[in-house]
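Participant: Sequence:
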Amino acid sequence: MARARTVNGTPAGEKRLAAFLAALLDELPEGVYFKDGDGRFILANRAVAERAGAASPEALIGKTDYDFYPQEIADELRADERSALSSGKTFIDNVERPSVARGPQSLLVTNCPVFGAGGAVVGLVGICRDITAFKRTEEALRHERTVFRSLIDILPVSMYTKDRAGRKTMANPVDVQTMGCRSEAESLGKTDFQLFPPEVAERFAVADRAVLETGTPVIDCEESFRGPDGEQRWILTSKVPLRDAEGRVVGLVGVGCDITERKAAEESL
Numbered sequence: 001m002a003r004a005r006t007v008n009g010t011p012a013g014e015k016r017l018a019a020f021l022a023a024l025l026d027e028l029p030e031g032v033y034f035k036d037g038d039g040r041f042i043l044a045n046r047a048v049a050e051r052a053g054a055a056s057p058e059a060l061i062g063k064t065d066y067d068f069y070p071q072e073i074a075d076e077l078r079a080d081e082r083s084a085l086s087s088g089k090t091f092i093d094n095v096e097r098p099s100v101a102r103g104p105q106s107l108l109v110t111n112c113p114v115f116g117a118g119g120a121v122v123g124l125v126g127i128c129r130d131i132t133a134f135k136r137t138e139e140a141l142r143h144e145r146t147v148f149r150s151l152i153d154i155l156p157v158s159m160y161t162k163d164r165a166g167r168k169t170m171a172n173p174v175d176v177q178t179m180g181c182r183s184e185a186e187s188l189g190k191t192d193f194q195l196f197p198p199e200v201a202e203r204f205a206v207a208d209r210a211v212l213e214t215g216t217p218v219i220d221c222e223e224s225f226r227g228p229d230g231e232q233r234w235i236l237t238s239k240v241p242l243r244d245a246e247g248r249v250v251g252l253v254g255v256g257c258d259i260t261e262r263k264a265a266e267e268s269l
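Using this note's numbering, the first residue of the sequence shown is number 1, and each one after it goes up by one.
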């Protein structure tokens with residue numbers, strides 16, 4: 001027992017422990033680093049070195065982000081670190097976007113202050129995760145949503161979505177006009193019972209329930225009601241179930257085409 005304590009207390013034992021810690025950190029996909037109060041690296045793993053374009057983790061020691069990044073990026077990184085150093089608080093999941101030789105990155109960074117024996121902040125521990133691929137996917141999805149919404153908004157038919165409770169979650173301009181609302185926001189979260197007379201809303205709800213409960217589309221259902229102008233309107237409506245990733249019906253999508261003129265022509269004949 002005495003021998004074990006002696007070995008661990010020697011510089012050789014401490015060196016082996018440090019080597020074990022460095023090897024463990026190098027296996028992590030997240031970047032882990034320790035810095036002093038001036039932003040100089042004391043310890044860093046391989047993920048941090050690769051991200052900074054350094055030859056090895058050892059090449060970072062004693063240097064700062066200013067040695068590896070353009071000044072404006074290093075300034076941003078240092079500002080986040082100063083917030084942790086000056087406040088003594090941990091800043092979790094800040095999104096930082098440094099640009100390196102292989103292109104812009106998006107990092108999710110946590111900076112945690114390290115306190116000395118006297119209680120003063122003497123440095124910090126940082127953990128950063130590369131979320132570049134996630135952010136690119138997010139941007140692509142945002143672009144697709146923008147394109148999709150632009151197409152919906154120019155359609156000459158009414159188009160909307162509802163949740164399982166029958167509340168509107170999306171309405172294009174034609175549908176907003178059909179409901180007699182001033183904007184989409186005015187209709188969101190409302191059911192047909194808040195937008196139409198009870199007898200009209202109940203007819204709409206019957207078709208909605210058929211879709212939501214059975215998961216079967218309702219195609220070309222004729223619906224009539226009095227519009228905001230008091231005139232009788234006829235809508236040819238199709239409703240299809242809206243499903244989540246597990247295939248569960250979570251709402252519906254409705255498309256309605258105003259056929260009032262066609263119905264008037266039929267009546268005249």
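For the record, the hints were derived by calculation from the structure and aren't laboratory data.
Treat each hint with caution, since some may be false.
[To be verified] Calculated cross-link-like contacts (lysine to aspartate or glutamate; reagent style EDC-like; alpha-carbon spacing at most 20 Å):
1. Lys89 with Glu76
2. Lys263 with Glu222
3. Lys263 with Asp220
4. Lys263 with Glu223
5. Lys15 with Glu30
6. Lys135 with Asp93
7. Lys263 with Glu213
8. Lys89 with Glu72
9. Lys190 with Asp163
10. Lys135 with Glu30
11. Lys15 with Asp26
12. Lys63 with Glu76
13. Lys263 with Glu246
14. Lys89 with Asp163
15. Lys63 with Asp80
16. Lys15 with Glu58
17. Lys89 with Asp38
18. Lys15 with Glu27
19. Lys190 with Asp220
20. Lys135 with Asp163
21. Lys63 with Asp93
22. Lys263 with Asp244
[Stated by the list, open to error] Label-pair restraints from in silico Cβ distances:
23. Leu141 with Asn94: 19 to 29 Å
24. Asp244 with Arg82: 51 to 61 Å
25. Val240 with Phe20: 57 to 67 Å
Cβ atoms here follow ideal geometry from the backbone N, Cα and C, with glycine treated the same way.
Participant: Give a verdict on every hint.
Facilitator: Hint check:
About 18 Å separates the Cα atoms of Lys89 and Glu76, which keeps this hinted pair within 20 Å; it holds. Of the pairs offered as hints, the one joining Lys263 and Glu222 holds, with about 10 Å between alpha carbons and a cut-off of 20 Å not exceeded. For a cut-off of 20 Å, the pair hint linking Lys263 to Asp220 stands: about 14 Å separates their Cα positions. Using a Cα cut-off of 20 Å, the hinted pair Lys263 and Glu223 holds, with the two alpha carbons roughly 11 Å apart.
Annotation: proposed proximity of Lys15 to Glu30 is violated, straight-line Cα distance about 24 Å (limit 20 Å). Distance check on the hinted pair: Lys135 and Asp93 sit about 14 Å apart at the alpha-carbon level, within 20 Å; holds. For the proposed pair Lys263 and Glu213, the alpha carbon gap of about 30 Å is over 20 Å, so the pair is violated. The hinted pair formed by Lys89 and Glu72 fails the criterion: a straight-line CA distance of about 24 Å is larger than 20 Å.
Annotation: proposed proximity of Lys190 to Asp163 holds, straight-line Cα distance about 10 Å (limit 20 Å). Annotation: proposed proximity of Lys135 to Glu30 holds, straight-line Cα distance about 16 Å (limit 20 Å). A threshold of 20 Å between alpha carbons decides the hint, and for Lys15 with Asp26 the separation of about 16 Å falls inside it, so the pair holds. For the hint pairing Lys63 with Glu76, the CA-to-CA distance comes to about 17 Å; that is within 20 Å, so the pair holds.
Taking the CA atoms of Lys263 and Glu246, the gap is about 41 Å. The hint is violated against a cut of 20 Å. Under the criterion of a C-alpha separation no larger than 20 Å, the hint pairing Lys89 with Asp163 is inconsistent with the structure, at around 41 Å. Straight-line distance between C-alpha atoms of Lys63 and Asp80 comes to about 17 Å, which keeps the hinted pair within the 20 Å bound. A distance of roughly 15 Å separates the Cα atoms of Lys15 and Glu58; the hinted pair therefore holds under the 20 Å criterion.
Taking the CA atoms of Lys89 and Asp38, the gap is about 17 Å. The hint holds against a cut of 20 Å. A distance of roughly 19 Å separates the Cα atoms of Lys15 and Glu27; the hinted pair therefore holds under the 20 Å criterion. A distance of roughly 24 Å separates the Cα atoms of Lys190 and Asp220; the hinted pair therefore is violated under the 20 Å criterion. For a cut-off of 20 Å, the pair hint linking Lys135 to Asp163 is broken: about 28 Å separates their Cα positions.
For the suggested pair Lys63 and Asp93, the alpha carbons sit about 24 Å apart, so the restraint of at most 20 Å is broken. Taken as a hint, the Lys263 and Asp244 pair is broken in the structure, with Cα atoms around 37 Å apart against an allowance of 20 Å. With their beta carbons about 22 Å apart, Leu141 and Asn94 fall inside the hinted range of 19 to 29 Å. Separation of Asp244 from Arg82 is about 43 Å and departs from the stated range, judged on CB atoms against 51 to 61 Å.
With their beta carbons about 59 Å apart, Val240 and Phe20 fall inside the hinted range of 57 to 67 Å.
Comparing the model with each earlier hint shows violations of hints 5, 7, 8, 13, 14, 19, 20, 21, 22, 24; every other hint is respected.
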